[in-house]
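**Q** Starting from the known structure of chain A, fit chain B onto it as the hints suggest.
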Amino acid sequence: MHALIIDDSRAMRLILRRIMVELGFGATEAANGQEALDLLQVGLHPDLCLVDWNMPVMDGYDFVTEVRKVREWRDITLMMVTTESEHAQIVRALAAGAHEYVIKPFTADAIRDKLELLGLAQDGAFA
Amino acid sequence: MNAEQALVAASPKPADVRMLTEEVWASFLAEHGPLQVGTDPDFAPDWSASVTVKGEWNGVVALEMSTSGAQQLTRSMLALDSAAELVDGDLVDAIGEMVNMIGGNVKSLVRGPCRLSLPLVTAGRFLHGSAQREVVRLGCTWAREPLAITVHAGRPTPRETR
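So the sequence lines, in the order shown, correspond to chains A and B.
If you read the first sequence in the working numbering, its first letter stands for residue 2, the second for the next number, and so on.
If you read the second sequence in the working numbering, its first letter stands for residue 3, the second for the next number, and so on.
It is worth saying that the hints were derived from the structure and are not from the lab.
Fair warning: this is a prediction, and the values are worked out from it, not measured in the lab.
Among the hints, a few may not be true.
As the list claims (entries may be wrong) - To give an idea of the interface, some chain A residues facing chain B are shown, with a C-beta separation under 8 Å as derived from the structure:
1. Ala12
2. Arg19
3. Ala32
4. Asn55
5. Val58
6. Ala89
7. Val92
8. Arg93
9. Tyr102
10. Pro106
11. Thr108
12. Asp110
Just so it is clear, CB atoms sit at the ideal spot from N, CA and C, and this is done for glycine as well.
Chain B with its partners taken away, still in its complex shape:
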């Protein structure tokens, strides 16, 4: 098994990430229907939230959403009606907490002790490092809005592969 294959083997599996993501969604956002997994993830996200896992396994878990999807998620979590005004800070908080829960559970899927970072939320698409390889991508629809969950694993550095 080469280093790339070992990286994939040590990383969380799509079926497991799917299961825990559905569980996170069902726990807090069930009133807008279940998360539909398996739709086309190829959309231009307005928001991305990510958490970094560092330790025996290194990687990044990201959640990408449209503004409309992020607003619905935020209203649902804050129990606000559709007319309630939201500021960017509300969206940042809500989608940051969602990726925190997904990332924390992804961390439990890998071997060895790891640490989870605080969430980082930015406008636009999630940008991963060049040394990271995408090992999971779940395209989803929720409340008629597209979203994507990705897991990127840290590639071995050239020194490690020598």
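Just chain A, same shape as in the assembly:
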């Protein structure tokens, strides 16, 4: 399993990478939606994208919208990990094609629980 972590904060990418590696995932990082799209376009095909909302260049909402336009990427699970907690924003992201939503601050357990809901938790990880 491989995760693409998309966040403009290096610190946040590192925190998420630690969690994902503990959960048995490989991880690649991108600093904004455009960088992430570029990675997908050159052939990276992650099982999961963890997507921040507020980022420079291309935000998380636009990234989700762009990914959902491409048939070959429809099997990629998209999970927003963001401080955006307004109900209307959550609904907007889910309508655009995000599968799940985690609000910062989060715990490793919260991420694991969401992955279990999505059927992406790996046996034995985080025991």
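**A** Here is chain B on its own, set in the frame of chain A:
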């Protein structure tokens, strides 16, 4: 209720800001002990990070820290040991992300749709606009370093108060 009172009434309350700030700290920085709220915030910060909230409610959320506190926060978030060298960009990233999380949660405390800006991190004290009023100030200590979290609400313009 006059315009000033209405502004304060519509703004986040100190107890709520305290609770969410403690939650942000506990989620990512617990190994250096809890955030102690209620200490003297009157210190000369070396760094300030802020995010702007715009919409039905307008304001700015700021985090002020000493260099030593910002370094500890950065090392903790990046999982670096105390000997690891840091550059200013590391500190800017880490304290920017902290104020982003605090500001994003403050935004959830106010009514109506609002937008959150990207973080702005500068050297020295946070400078607020003259049309803004401080509605929350939390003086804190973490890892034996002082820090402050403030919320400034946008004052009504003269046109709005007529």
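**Q** Evaluate each hint against the coordinates.
**A** Checked hints:
1. Using the Cβ-Cβ criterion of 8 Å, the hint placing alanine 12/A at the interface with chain B is satisfied: the shortest such distance is roughly 4 Å.
2. The closest approach between the C-beta of arginine 19/A and any C-beta of chain B is roughly 7 Å, which is under the 8 Å cut-off, so the hint is satisfied.
3. Interface restraint check: alanine 32/A against chain B, minimum CB-CB distance 10 Å, threshold 8 Å, status violated.
4. The interface hint given for asparagine 55/A holds, since its Cβ lies 6 Å from the closest Cβ of chain B, which is under the 8 Å cut-off.
5. Proximity of valine 58/A to chain B is violated relative to the hint, the smallest CB-CB distance being about 11 Å (cut-off 8 Å).
6. Proximity of alanine 89/A to chain B holds as hinted, the smallest CB-CB distance being about 6 Å (cut-off 8 Å).
7. For valine 92/A, the interface hint is violated, since its Cβ never comes within 8 Å of a Cβ in chain B; the closest pair sits about 12 Å apart.
8. With a least beta-carbon distance of about 11 Å to chain B, the hint placing arginine 93/A at the interface is violated under the 8 Å criterion.
9. Given hint, tyrosine 102/A at the interface with chain B, is violated; its Cβ is 13 Å from that chain's nearest Cβ, farther than 8 Å.
10. Taking 8 Å as the C-beta contact cut-off toward chain B, the hint placing proline 106/A at the interface holds, the least distance being around 4 Å.
11. Evaluation of the threonine 108/A hint against chain B yields a held restraint, the C-beta minimum of about 6 Å falling below 8 Å.
12. Interface hint at aspartate 110/A: violated, since its Cβ lies 11 Å from the closest Cβ of chain B, which is beyond the 8 Å cut-off.
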